[in-house]
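*Asks:* Go by the hints and put chains R and D onto chain X.
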Amino acid sequence: MSNLLNSLLVIVLMLNLFALGTSRIASVIRTVAMQGALLGALPLLLHGHASSGAVLAAALTIALKGVVIPGMMTRALRDVKIKREVEPLIGFQASVILGALGTVCALLFAGRLPLAAQHAGTLMVPTAVATVLTGFILLITRFKALTQVMGYLVLENGIYIFGMLLVEAMPLVVEMGVLLDLFVAIFVICIIVNRINQAFSSLDTRRLASLKE
Amino acid sequence: MAAMNGMVAVLVAALLMGMSGVAGYLFPSRSAYGQRVAAVLLTCGSAVGLSACLLSFAGHWRMTPCVSEAAWALPGCRFAVGVDALSAVFLVPVFVLPALGAWYGLGYWRAASHPANARRLGAAYGVLAGAMALVVIARDGVLFLIAWEIMALAAYFAATVEDDRKEVRRAGWIYLVATHAGTLCLLAFFAGWRRATGSFLLDAAPGMQAAPAGPLFVLALVGFGFKAGLMPAHVWLPGAHANAPSHVSAVMSGVMLKMGVYGIVRAVALLPVGEVWWGGALLAVGAVSCVGGIAFAIGQRDVKRLLAYSSIENIGIISLGLGLALTGRAEGRGDWVALGLCGALLHVWNHGLFKGLLFLNAGALIHAAGTRDMEAMGGLGKRAPRMMALFAVGAVSICALPPFNGFVGEWLLYAGFFRAAAEGAGELPAVSLAAVALAMTGALAVACFVNMLGRVYLGAPRSETCRHMHEPGAAMFWPMVLLAVGCAGVGLFPAAVMMPLEAAAAQWGSDGVALPGMAHALPFSRLATASCALALLAAALAFLLNRAARARGVRVGLTWDCGYARPTARMQYSASSFGDSAVNLAAFLLWPRRCRTALRGLFPRASSFKGLVPDTILDRLLLPAFRAADRFLPRLRVMQQGRTHVYVFYILAIMIVLLLWGGTGSH
Amino acid sequence: MFETLFHIAVLLLAPPLLPGVIAKTKAWFAGRDGPPLLQPYYDIAKCLRRGWVISETTTWIFWAGPVVTLAATLLAGLMVPLGRADAPIAFTGDLILFAYLFGLARFFTTSAALDTGSAFEGMGAAREVTFACLSEPALFFAFLVLAKISGAFSLTPMLHAPATAFSAGIAAPLMLILIGLFIVLLAETCRIPVDDPNTHLELTMIHEAMVLDHSGPLFGIILYAAAMKMLVLGTVVLQVLVPFLPGREMLRGPFFLILLMALAVVIGVVESVMARLKMRHVPYLLVGAMLFCGFGFILLIR
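Protein chains in written order, with this note's numbering: chain X, 1 to 213; chain R, 214 to 880; chain D, 881 to 1182.
With a cut-off of at most 20 Å between alpha-carbon atoms, the simulated SDA-like pairs for lysine to any residue come out as follows:
| hint | chain 1 | residue 1 | chain 2 | residue 2 |
| --- | --- | --- | --- | --- |
| 1 | D | Lys1158 | R | Ser790 |
| 2 | X | Lys212 | R | Phe862 |
| 3 | R | Lys823 | R | Arg783 |
| 4 | D | Lys926 | R | Arg760 |
| 5 | D | Lys926 | R | Ala764 |
| 6 | R | Lys595 | D | Val933 |
| 7 | R | Lys595 | R | Val767 |
| 8 | R | Lys595 | R | Arg783 |
| 9 | X | Lys212 | R | Pro847 |
| 10 | X | Lys212 | R | Arg848 |
| 11 | X | Lys212 | R | Leu849 |
Label pairs and their in silico Cβ distance ranges:
| hint | chain 1 | residue 1 | chain 2 | residue 2 | range |
| --- | --- | --- | --- | --- | --- |
| 12 | X | Gly177 | R | Arg408 | 25 to 33 Å |
| 13 | D | Leu917 | R | Ala752 | 32 to 40 Å |
| 14 | D | Ala910 | R | Trp773 | 28 to 36 Å |
Listed next, the stretches of chain D that the computed footprint assigns to chain R, with coverage defined by at least 3 CB atoms under 8 Å from CB atoms of chain R:
| hint | stretch |
| --- | --- |
| 15 | 930-936 |
| 16 | 959-973 |
| 17 | 1000-1014 |
| 18 | 1019-1025 |
| 19 | 1088-1097 |
The hints are simulated quantities; they were obtained by calculation from the structure and are not laboratory data.
Note that beta-carbon positions come from the ideal geometry of N, C-alpha and C, so glycine has one too.
Looking at chain X on its own, in the form it has when it is part of the complex (with noise of 0.2 Å):
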């Protein structure tokens, strides 16, 4: 089982490159998708029990995360009409060597710290660090909107890594709690996209340092 599960883990740690070195935003927004249903269907392929509450649990995620959000941030895109990121702030390349450099610092830090047993010999923990990382490093970087959203679907992906550590089963009402919070946050932002868009003819949010007082 660990075996698949660390293939699995070594699937999402090439998404999260990938995700750094694309400057296509469709193509970030495809890449996101496939790791966020990757980790929604995780918990049920390695655990093969199969109570209603994870199934409903896994559709769910895999809908949301698979399907409807990056349904809405194609739509946001296709409204706003660009298509490429701009030079991010250090290099396409660069992230990508960044985000692999931070990928091995995960692995090596999560080799110091006192997991549990059943943890211990998984990748679940590094995978976790990197992709929170990998996350940030969008946000950090980029500067179109969009591309910005992308890096938080990331975070988020990272930090539901780090809560499959703690339960096997996340109980129903704290996965639909987040999954809501997830969904309301996108769907606000796709709105905005299109606000910000209008007010400054850009979406590089640089710009917005004009809004500071």
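*Replies:* For chains R and D alone, coordinates are given in the frame of chain X:
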């Protein structure tokens, strides 16, 4: 069972009072019915609560407190409420003053003349009364804090109803800052309490060590001191009381300040028996508040600011009593505890009575005369003799002069201090230096209130603004009469009120210290006889003189004034002039500002003199400090780039630091 | 019983004798014959016979001033022990009532002064209340010392204690509070160096200024009450002085009266040899009194 019913009654009363103002919103904004319904609801709630308190005094649950707990929505704490002898004592002002103020408000703040904010005022007023009742009965730290915040915010909304005026907004702002500074300390106190005892429940924890008790006491003193108005945390009081509607000022001064006092008393009851320096700290703070408060009061021109500073003085007196009680508790002297605490609690009641009377009187004055400035008033006693009589009662009471109630409270305190002087060993008689501070306060209070009586009601009118002075209507008049009767009653029959206070003191100081009954300590009956004798003697003399004058006939003429042919009203001593000598005495504390146009030449033009006493701590210490911070802190603005990237970077940086610290620290 | 009657008789009849003695002493110092010893009695009787003239600016407070002053001073007088006898009214805590009765009198006197709407009376009232702020603490320090010596909280045992419980240890504090109490006596009864009872300059008056507009029977009552206040406060001073006099066991009834007259002579001497202080120096004098009494207390508790 009766005790349970009593507590349910108190809860129902709190709820009724809290919701009373909401009824006003069911009626249109100019209708008087909404206000009347609210007043009736508030009175019903007060009546229920007051009868529960009186029944408790009559003997039902004197010593055994009744506490009930229930789990509720918030985790980690419980909905625990309880009434014991101490709470009952503090509940009495909560159930008396707001009800009287609500009826007063029917005449003072008519919905027809204040359509924009009458309903808001009624709602906030009701919530304030209900929250105060809940504060006194709360037995869980979190519930206490919730009720405390509701009370503070309700008071804010009630006090700043006229928020179209700039000084009202400013006063409200200062009040908010001060009350939240206090709440911050209280948060720390309750957190420390939970750490020390393991739960938020406010039951006395006998096993608590001395180590956390000292800092907890300081936190409680500072936190509750902000609300009580002890110097130097009094900076919000003058502005808030002066700019609030008068019945709200009466409730704030007569009841809300006492919530701070209740907090200190309850906190000390919960903590283990402390050291002598606790009592010493309270005595020092009390002495400074006493003398400082009344010294500032003498220099004021605004009638309500004067009364607000006088409230600070009275809180200082209560704090002196508490200091004596704490010292007695630390030293194991039961009689000091009894005298100090009974004196402080009696002063809590007395202050509610006479300060309520004075604020309501000031409100009627402002309502009729149209101004708050004492320099523009004068001679109003001729136009409104009943108001002057009520004010005279209030003034004599607040100066602690026999035969009214203020004297009895201070008598108890003096008894305690003199015992400390006579029987204390070692350094303890130094405690009785507080008696000297009390004496000076009494003399200054006489100066202050003679000033106010003379400026406002006596002499000749100083300006045209007081042309329409008239007696207040029935709604404003009868609450004042009730309070005046209360003042006289407690003064002439003090033994009647001592029993509940003794019970409260016995419950407070009951850890191993035996308290003597008040009947042993002081002869109230003889004091009452002496007071009645004084009143009768004065009345007899007055009657004889009146008879003689009528027989011989009285000729009325101008004031002789050493032969001035044409005296004018402007020649009278003004409030600034009268207070000038006293202000000079305390100039090191008050730092008065004098504005004078210079006289030049042999035939100078008209000159004027103006004396101002700004609040030293607020205007000369805190505001300049804040202004200096305002000049320095913008240098930190460099952190605020306005870009989200930078902010997220801050989050990441701190997260990495925490991870490294937590992760490596555990090895 | 007999002592109570004697006390009441002295309290009612003796007061006007004191200003008479003082006036005679001052006259003797100045080389004059001076008014008769019983002149104040004639003055009061004359005032009581006069007609009533009241200012139109005044209210009932104007009447309350003299009335309350007399009532309060009378009650206070019944609480001090004359000589070795007990006071007619004595209970635990009566000394606070004693001090605050004078405060009540002050309240109504100053209010009556402000009632007339005149500048001079306001001036006098302002000074009176300000000086009271300094003399009250001095009085209370003295009371604290007496309470510590006697261990009691009532005027009668406290004032008897210096004579009965005299020892070398308490001589110094007693001496200090004696000086302080004497200064307080001069201040409260408005004698030189605090206030000149014979001055005609309104700008420099304190007590005289406050009662400018009172005339006729009201003024008679004021004169009488002022003399009674001097008697009451003088008794307090004397009880503290007694231990330092030889033959203190003889201090009963009539001998106490003689001592009172002697005190009046001393006040007269002080008035004759000193000039009145500048108004802004009077607070220093009173602070001095407060310090004397305070040091007395500190000496006792150290």
